[in-house]
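Chemist: Our numbering puts the first residue of the sequence shown at 166, with every later residue one more than the last.
Hints in this document: simulated from the structure, not taken from any laboratory.
Here the structure is a predicted model, which means the values were calculated and not measured.
The reader is advised that the hints may include incorrect statements.
[Said to hold, decoys possible] Label-pair ranges, simulated between beta-carbon atoms: (1) Y391 x T280: 42 to 50 Å; (2) D302 x D408: 19 to 27 Å; (3) L345 x G392: 16 to 24 Å; (4) L345 x G277: 27 to 35 Å; (5) N348 x T225: 19 to 27 Å; (6) S359 x G392: 12 to 20 Å.
[Claimed, not checked] Mimicking DSS-like on lysine-lysine, the simulated pairs with C-alpha atoms at most 25 Å apart in a straight line are: (7) K334 x K346; (8) K354 x K334; (9) K360 x K243; (10) K301 x K318; (11) K247 x K301; (12) K414 x K310; (13) K310 x K346; (14) K318 x K407; (15) K318 x K223; (16) K243 x K346; (17) K360 x K414; (18) K334 x K248; (19) K247 x K346; (20) K334 x K365; (21) K257 x K310; (22) K334 x K301; (23) K354 x K248; (24) K360 x K223; (25) K354 x K243; (26) K318 x K346; (27) K310 x K412; (28) K247 x K257; (29) K365 x K247; (30) K330 x K360.
Ideal placement from N, C-alpha and C gives every residue a C-beta, glycine not left out.
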Amino acid sequence: MLDKIVISLLLVLSSISTVIGFCDSLGFLPDRFSRFINRKKNASVFELLKDMGIDYDKYTRNNLSLNFPTSASDAELKSIVKKELEEITINKEIFIGQIRTVRANYYIDLIGASTNPATANLYARYLSTYWQAALKDNTKVIHPKFDFVVTPKGGSPILGYEFSKLINKPFILHENSERLKCNDDIFEKNFNASKRPTEKSVALIVDDSTTGGRMIESLISDLRRYGYGVFECLVVFEPKLKDSRQKLKDLGVNLNSIVTTHEK
């Protein structure tokens, strides 16, 4: 008798689960309930894979890395990029930064060099090569998934565009100051895009370099204000003149750079 009751109860629960799953697939469930169901479903799958000895995170990262073209071996990349950067270096005393300026003995003009489409494409491939290898290491890239590429307008937007085109992701340009005067706080006041990203999608910041200053702080703040996630920043070179890596970490963003420059 008890066995029949248990079997009947399991059949009822199974039927309810099937109906809920069917409704979810048709989009009949409220978004909040649908997200809850999917989280529980994914958690169960991850636990099952873990029990089977399958490293889901490693599998996902390796799978994602296939989307990034490479132009050199990971071992050779740093030396190649350093040599290339030497050719576009201005060996003059330069002051870097808008608010907290620091003196540098040279300036790497990748922004200027990237106005040549061939050069911009070359460095986009270097970035893709680095990211492809870094994805497989969860100590380098902490959040491997992103939906679109964003670059500050005052940075190296041509490089950001070439990188986004290379990996077939939407490209968005961030304005350093509001480009539209509007009483409503709309996305288009601060960003240039052919299409506004979907809510809660994730951005990857791409630029020639960063010092962790006001420009990137503003970009991160604006992305989050409009409901977008931002966890990773990818640059060609990381000047060590300022504590950019720690500053971004304090903002919840992980900095990835091919090479470091301006060592103290």
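Chemist: With a cut-off of 25 Å on the C-alpha distance, tell me whether K243 and K346 pass.
Modeler: 44 Å, violated
Chemist: Verify the proposed pairing of K318 with K407, using a straight-line Cα cut of 25 Å.
Modeler: 21 Å, holds
Chemist: Given the hint that K247 pairs with K346, does the C-alpha gap stay at or below 25 Å?
Modeler: Violated, at roughly 43 Å.
Chemist: Take the C-alpha atoms of K360 and K414, compute the straight-line distance between them, and say whether it is at most 25 Å.
Modeler: 29 Å, violated
Chemist: Just tell me: holds or violated, for the beta carbon distance of L345 and G277 against 27 to 35 Å?
Modeler: At roughly 28 Å between Cβ atoms, G277 and L345 fall inside 27 to 35 Å, so the hint holds.
Chemist: If you draw a straight line from the CA of K334 to the CA of K346, is it 25 Å or shorter?
Modeler: This hinted pair is violated, its Cα atoms lying about 29 Å apart.
Chemist: Given the hinted pair K301 and K318, is their alpha-carbon gap at most 25 Å?
Modeler: Distance of about 30 Å is beyond 25 Å: violated.
Chemist: If you check the beta carbons of N348 and T225, does the distance land in 19 to 27 Å?
Modeler: 43 Å, violated
Chemist: Taken at face value, is the distance from the CA of K346 to the CA of K318 at most 25 Å?
Modeler: Satisfied, since the Cα-Cα distance of roughly 18 Å is no more than 25 Å.
Chemist: Take a quick look at whether K247 and K301 sit within 25 Å of each other, Cα to Cα.
Modeler: Given pair K247, K301 holds - Cα atoms ~23 Å apart, limit 25 Å.
Chemist: Is the hinted pair K334 and K365 satisfied, with a Cα-Cα distance of at most 25 Å?
Modeler: 16 Å, holds
Chemist: Hey, K354 versus K243, does the alpha-carbon distance stay inside 25 Å?
Modeler: 38 Å, violated
In summary, the structure is inconsistent with hints 1, 5, 7, 9, 10, 13, 15, 16, 17, 18, 19, 21, 23, 24, 25 and 29 from the numbered list given earlier, while agreeing with the others.
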